[in-house]
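Participant: Using the numbering used here, read the sequence shown as starting at 1 and increasing by one per residue.
Calculated directly from the structure, the hints in this document are not laboratory data.
Fair warning: this is a prediction, and the values are worked out from it, not measured in the lab.
Heads up, some of the hints might be wrong.
Unchecked claim - What follows is a list of derived Cβ distance ranges for each label pair: (1) F10 to K95: 40 to 48 Å; (2) E57 to A92: 24 to 32 Å; (3) F55 to M20: 37 to 45 Å.
To be verified - Restricting the straight-line Cα-Cα distance to at most 25 Å, the calculated cross-link-like pairs of lysine-lysine (DSS-like) are: (4) K29 to K18; (5) K18 to K48; (6) K29 to K72; (7) K29 to K60; (8) K48 to K72; (9) K48 to K60; (10) K60 to K70; (11) K95 to K29; (12) K60 to K72.
We put the CB at the ideal spot given by N, CA and C, even for glycine.
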Amino acid sequence: MTHNNGGPAFPASSAFFKGMTLRDYFAVKAPLSQECIGSIAYQIVGRKAPEWTEFMETNKDARIAYQLEKLKYEMELDAALRFMWADAMLAAREKGGAA
């Protein structure tokens, strides 16, 4: 699926440096609060969050692997939410802003 990227955020005359897109800029600036996401995170990320097991209480390697997977999941959620925000901003911009 192709997204409207909004064109360059900071247009430059150089043919070699295109810069970031407006979509990227909006994503960077998106305010985030994952607290309201809760049960729909699965639909946004496309997979379930890693689950803690009792085995991890006593196994350091398993605990570290869990923490890394949880962090990766949270970063995927964060990125997805940011680009959802950016897409909404671009859609509002195409309509002429807030009515």
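Participant: Against each hint, give a clear statement of whether it holds in the structure.
Facilitator: Here is what the structure says about each hint:
1. Under the hint 40 to 48 Å, the C-beta atoms of F10 and K95, about 23 Å apart, miss the expected range.
2. A hinted range of 24 to 32 Å for the beta carbons of E57 and A92 is inconsistent with their spacing of about 48 Å.
3. Range check, F55 to M20: about 43 Å between beta-carbon atoms, so the 37 to 45 Å window is met.
4. Taken as a hint, the K29 and K18 pair is honoured in the structure, with Cα atoms around 19 Å apart against an allowance of 25 Å.
5. Simply put, K18 and K48 have alpha-carbon atoms about 36 Å apart, too far for the 25 Å limit, and the pair is violated.
6. A threshold of 25 Å between alpha carbons decides the hint, and for K29 with K72 the separation of about 21 Å falls inside it, so the pair holds.
7. Distance hint between K29 and K60 is unfulfilled; the C-alpha atoms sit about 37 Å from each other, more than 25 Å.
8. With a CA separation close to 12 Å, the supplied pair K48 and K72 stays within the 25 Å bound.
9. This hinted pair checks out: K48 and K60 have alpha carbons roughly 23 Å apart, not beyond 25 Å.
10. This hinted pair checks out: K60 and K70 have alpha carbons roughly 15 Å apart, not beyond 25 Å.
11. Between K95 and K29 the CA atoms are separated by roughly 20 Å; this keeps the pair inside 25 Å, and the hint holds.
12. Taken as a hint, the K60 and K72 pair is honoured in the structure, with Cα atoms around 18 Å apart against an allowance of 25 Å.
The structure fails hints 1, 2, 5 and 7 (numbered hints given earlier, in ascending order).
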